[in-house]
Structure formats: structure tokens, C-alpha cells
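Participant: What follows is the residue order along each chain.
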Amino acid sequence: MIGAPILRAVLSKPSGAIGVTLVVGHVMLAVLSPLVLPHDPIAQSADLILQMPSLSYPFGTDRLGRDILSRVMLGGRAAMLIATLATLVAMVWGTVVGLLLALIGGRIDTYMMRIVDALSSIPGILIVMIFVAALGVGAAALIPILGYSYGLSVVYIARAAALDFVARDFVLAAQARGEARSTILIREILPNVRDTLAVQGAMQWSWLMLGITSLSFLGLGVAPPTPDWGLMIADARGVMPTAPWAVLWPMAMLSTLIVGVNLAADAFAKALGVDQQLRTVAA
Amino acid sequence: MLGLILRRMAAGWITVVIVAVVVFIGVEVMPGDACTAMLGRDAARGDVLENCRDRMGLNSPPVERFVAWAGDLAQFDLGVSMKRERPIADIVGPRLRNTLILAAAAALAGVPLAIGLGVMVAMRRERPFDIIVSTTALVAMTMPEFVVAALLILIFAIWLGWCAGVVTAAYDAPALALLFATPLPAVTLALVYMAHILRMVRSSVIDTAGADYILMARMKGVPERQIVLRHLLPNAILPTIPVIGLTLAWLLSGVVIVESAFNYPGLGRLAVNAVADRDLPLVQATALIFGLIYVSMTLIADLIAMALNPRLRTRRL
Numbered sequence: 001m002i003g004a005p006i007l008r009a010v011l012s013k014p015s016g017a018i019g020v021t022l023v024v025g026h027v028m029l030a031v032l033s034p035l036v037l038p039h040d041p042i043a044q045s046a047d048l049i050l051q052m053p054s055l056s057y058p059f060g061t062d063r064l065g066r067d068i069l070s071r072v073m074l075g076g077r078a079a080m081l082i083a084t085l086a087t088l089v090a091m092v093w094g095t096v097v098g099l100l101l102a103l104i105g106g107r108i109d110t111y112m113m114r115i116v117d118a119l120s121s122i123p124g125i126l127i128v129m130i131f132v133a134a135l136g137v138g139a140a141a142l143i144p145i146l147g148y149s150y151g152l153s154v155v156y157i158a159r160a161a162a163l164d165f166v167a168r169d170f171v172l173a174a175q176a177r178g179e180a181r182s183t184i185l186i187r188e189i190l191p192n193v194r195d196t197l198a199v200q201g202a203m204q205w206s207w208l209m210l211g212i213t214s215l216s217f218l219g220l221g222v223a224p225p226t227p228d229w230g231l232m233i234a235d236a237r238g239v240m241p242t243a244p245w246a247v248l249w250p251m252a253m254l255s256t257l258i259v260g261v262n263l264a265a266d267a268f269a270k271a272l273g274v275d276q277q278l279r280t281v282a283a
Numbered sequence: 001m002l003g004l005i006l007r008r009m010a011a012g013w014i015t016v017v018i019v020a021v022v023v024f025i026g027v028e029v030m031p032g033d034a035c036t037a038m039l040g041r042d043a044a045r046g047d048v049l050e051n052c053r054d055r056m057g058l059n060s061p062p063v064e065r066f067v068a069w070a071g072d073l074a075q076f077d078l079g080v081s082m083k084r085e086r087p088i089a090d091i092v093g094p095r096l097r098n099t100l101i102l103a104a105a106a107a108l109a110g111v112p113l114a115i116g117l118g119v120m121v122a123m124r125r126e127r128p129f130d131i132i133v134s135t136t137a138l139v140a141m142t143m144p145e146f147v148v149a150a151l152l153i154l155i156f157a158i159w160l161g162w163c164a165g166v167v168t169a170a171y172d173a174p175a176l177a178l179l180f181a182t183p184l185p186a187v188t189l190a191l192v193y194m195a196h197i198l199r200m201v202r203s204s205v206i207d208t209a210g211a212d213y214i215l216m217a218r219m220k221g222v223p224e225r226q227i228v229l230r231h232l233l234p235n236a237i238l239p240t241i242p243v244i245g246l247t248l249a250w251l252l253s254g255v256v257i258v259e260s261a262f263n264y265p266g267l268g269r270l271a272v273n274a275v276a277d278r279d280l281p282l283v284q285a286t287a288l289i290f291g292l293i294y295v296s297m298t299l300i301a302d303l304i305a306m307a308l309n310p311r312l313r314t315r316r317l
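Quick note, the sequences are listed as chains V and D, same order.
Using the numbering used here, read the first sequence as starting at 1 and increasing by one per residue.
Using the numbering used here, read the second sequence as starting at 1 and increasing by one per residue.
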């Protein structure tokens, strides 16, 4: 899907190269870290509470005496997994609904978009909270809810991107040939909006990472003792005056990942020539 | 014109109704109900459960309950909190006030500053000042609110010791006491708002600066100062004002995080506590109020857009 020329264009700019490096580094760390953990990430030790960074504990220890380096290395895994699955859910349903509405048009499109407007007006975090209130905390239960909630914005993007093409001759020709609506969608429209949606998917993923870590921070996402950056920051807030390192490391990890994804997505958008399209849709 | 405004307001009300239906269904489709949530999975059995359901009126059919709930809502009766056993309106009222104080302080300080900075960096495009400010804004946009919050507490409350790190004032403290207890919650909220607005204003000014009428003004010898003040800025900034309204509405959910991070006694933290207590009526009420605030802000943004741009006044909705 991404050819060598595109990749070269992305990597030739400093922001693109930094972004891709950060993302690749984070993904490799998340995948490989269980093999190279210096300490047990959930083993508590009363003797090691809030140790300054040292040779054996390079990032220090937290208020339960756990090794922060090990926890920080693993802290993105749960959130990244949920974000990836929820992004897939959001992109699939958002794209299908958005493209269909663009193709069908008319009254159905108008009314359905009104409903989507209304649904978008409930802040996503509140939807998640309603469900968590009734179902209890559970990372797996978050996937469909987040997927629904973040998919709403995909509907707008997919619909707007597809509207550029539904009136083009090749779509009219396909309709005149008597092609089924699903065929037109998959063969004629989807290939044209693919790049826009791919970049949007990357942005969705970074927003979902923010959403999930925020939920974990509020105590509504990943459950302890699983190491998680959001949980670690919430947990270390009380000891910030004496142990600022406990809150700074997970912050640095989360920030570098999010900034990396954004830089990379921007660079890919420019290289694929879809940045203008995404900007007009967003406005 | 009046008809258009009325139609837009009607659309806003329909949205509110849809929000109410979704909030109701959201709670309805899940396994268990308000009683099992409150009593806990183990205690919710037999007579205890039945009594609770009778008391809460949960044994009547869903449609009937929705009509009853919506009827109460129409009379501004939000119901009774399960955990706190007080009318929800009494609990929500002061906290809604606190949230509005916080949001208003952040917007009043942040929006003019963001517009000013946006214009300044656009005028110094691609120079060090622009690069530094724009990059900072980009980072501020991508950082989650709770990270910004923790960072500000660390720097200003702990290292510099300029102000308190968290809010200790009670929820019914006077407005000024809340705001001056610590400026950090408003600053956190404002930073995130500002980043979005700054980047939008910057690109709008840059786009406008390339317009033909600016070139024309320059060619006929209009002083640069006058070009900027008379021709460039009004045309660049006016279109961004309604979008700023939408940005503020869209970032409303940040209030939930910021309030929790600073222990600020507002609606967002109330919502989080209601979830932790599994107090479903209170969760429903807070979700509905957030939806209502969002709808009114988008409505105001649309009306401002119509007031500023005559072309929008004739467009059908």
C-alpha cells in the first residue's frame, strides 16, 4: 500500500523521519520488552520504596517499590492493543456508514447525518463513563464502546472524502452498467479514499491512545496491577514533591509516542497528497 | 432570517431529545439496572432487589419509564441521586456553576491571547519565533490534559512553589475563591484550547495574506500598517470566530480530566465520582447536561457565524 517513493519522501523530511523513528522505536519496545525486562514489573518491595534513579534501578522505583523502568517499558502495551482494536472497529463501521451515505445521498443521507450530529454531541468520554458505571471496569469491554464513539468522526471524514467522487463519471458509468451498490463502493470509491482513510486511521489511533490513557488515569480504563502509563501517572501524583521521576518517565513515554504518531501521520498525509483533503474536511 | 434562527434552534432541541434517548438507551441495554449497580452483584437478589426496583419504579416497561423520566426532565426535575439520596438538581447546580466559572476563565484569558499569538506568528512565518510557538502549540495539542496538568503542578506548585497544586476549596465556595485558589486548572484548560485556536488563526492569516485584494492594496501603495489592520485581520479573523466556538464546545470533555486532575469541584469530577459510585441516575443527568452545554455552544457558534457572514443567512439548513 505504501510504496518506496512515498516512504522516501516521508523520511527525507526531518519531522517525518523523527516521527517514524519514534513510532517504530515504541512499537519495537512494546513487542520486545518482555524479553529484556530488568526487573519484575509488579513485584512490590517495602525496602525499595521511592528509590532515586540508580545503577540497578535506572529510572528509580515507585511508591510500592516497583521498578519504574520495567513498568514504563510495558506501560504502553495494554493501551496500544486496545487502541489498535478500537481503531479497527471505528474505521470499519465509520467508513462503511460514511461511504454508503455519500453514495445514497438525498433524504436518507440528510436525516442520518442529523442523527450522527446528535450522537457526536455527547462527549465520547461520557458515553464510556455511562457504560463503565453499569458494567464495571474492564479493558476488553472498552473496545466496542470506544470503537463506536471514535467512529463517529470517521463517518464525517469518509463521507466527505467520498462525496468528491460520487458524482464523477466513473461512478456514473458503473451505475449505468448496473453494478451493485456494494461493488461500486468497494471497486470505485474505496480505492480513491484509501489514502485519506489510512492517514485518518493513524490520527484516530493516537486519539484513542490519549483517550484510553486518560480513562486509565481516571481509574476507568486499564485495571491495576497491569503497568500502564495513565495509571502510573495517576498513582505517582501524590508523591511528586519527593519523587518527580515516578511521574516524569511515563509522561515522557506517552508524549514521545503521541508526538511521533502525529509527526509521522502529517508526513504521510503530505507525501500521499491528502493533507489538503483532510484539512478541508476538518474545517 | 428569524425563521432560519428558529429552525436552527428547533434542530438544536431535536438534538437534545436524541441525546436524552441515547443516554436512556445506553443505560437500558446493559445487563443489570440501577438497582443491581447500587446493591452490587452479590446483594442484588430476591426481596432486596424487588423492593429496590419497586421503589425506583424499575418494574414498569422501558417506554413508560422513558416518558416519565423525560416528563420530569421537561420540568427541570433531574431525579434523585441513589448514593447521595438528594435531588440531583441540588448536587449538580453548584458544580455546574463551578465548571462554567472554570471554562469561562480559561476561554476569556486564552482565546484573545491565542488569537493575538496566532496573528503574531503568522506575520513572522517560518522565522524562529513562529517555529518555536507553532511547535509548542503542536505539542500542547497532542499531549493529553492529565499530562499537562501533572507537568504544571510539578513545575509551578512543587518546584517554583508559586501556587497550590490542587484545589482544596469546597464545592460551594465563592466564585473568586475557587478561581484564585490555584490558577492551574484554568491554565491547563486554556493551554489546550489555545493550541488549537492559535494554529487555526495562523493558517487563516497566512491564507488571507496571499489573497488578491491584499496584493492590490499593496500595489496601490496602502501603508503596510493599514493593510494589516483594515484589510488583512478582519478578513482573516472573522471566519475563525464561529470555529473557535465549536473548538471550545468540542474540548468540553477535557473539563472532566482537568477537574479530576486538580480535584476541582465541578461537573466533570462529579461525573467521574458518580461512575465510581455506580450512581446511574446521576451519571445520566451529568451526561445529559454536558450534551445540553455542547448543543447550546454549537448553536451560539452557528448564530455568530450567521451574524458575521451574510452568505450563511440564506442557506437552507
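A portion of the hints provided could be inaccurate.
No more than 20 Å apart at the CA atoms, straight line, and that leaves these computed lysine to any residue pairs for SDA-like [as the list claims (entries may be wrong)]:
# : chain 1 : residue 1 : chain 2 : residue 2
1 : V       : K270      : D       : I206
2 : V       : K270      : D       : P62
3 : V       : K13       : D       : T135
Sample of chain D residues at the chain V side, in silico, Cβ under 8 Å [said to hold, decoys possible]:
#  : residue
4  : T15
5  : V23
6  : I25
7  : G26
8  : F146
9  : L151
10 : I153
11 : L154
12 : V256
13 : S260
14 : A271
15 : P281
16 : V283
17 : I304
Derived from the structure by calculation, the hints contain no laboratory data.
Positions of the beta carbon are idealized from the N, C-alpha and C atoms, including for glycine.
Participant: Please go over all the hints and tell whether each is borne out by the structure.
Facilitator: Hints and how they fare:
1. K270/V x I206/D: holds, 18 Å
2. K270/V x P62/D: violated, 51 Å
3. K13/V x T135/D: holds, 16 Å
4. T15: Interface hint status for T15/D: holds (4 Å vs cutoff 8 Å).
5. V23: Interface hint status for V23/D: holds (7 Å vs cutoff 8 Å).
6. I25: violated, 10 Å
7. G26: G26/D check passes; min Cβ-Cβ to chain V is 5 Å, inside 8 Å.
8. F146: Since the shortest Cβ distance to chain V is 5 Å, the answer is holds.
9. L151: holds, 7 Å
10. I153: holds, 7 Å
11. L154: It holds, given that the least Cβ distance between L154/D and chain V is near 6 Å, below 8 Å.
12. V256: Hint holds; V256/D Cβ to chain V Cβ min 5 Å, cut 8 Å.
13. S260: holds, 6 Å
14. A271: Since chain V brings a Cβ to about 6 Å from A271/D, closer than 8 Å, the hint holds.
15. P281: violated, 10 Å
16. V283: Interface hint status for V283/D: holds (5 Å vs cutoff 8 Å).
17. I304: violated, 16 Å
In the structure shown, a violation is registered for the earlier hints numbered 2, 6, 15, 17, in ascending order.
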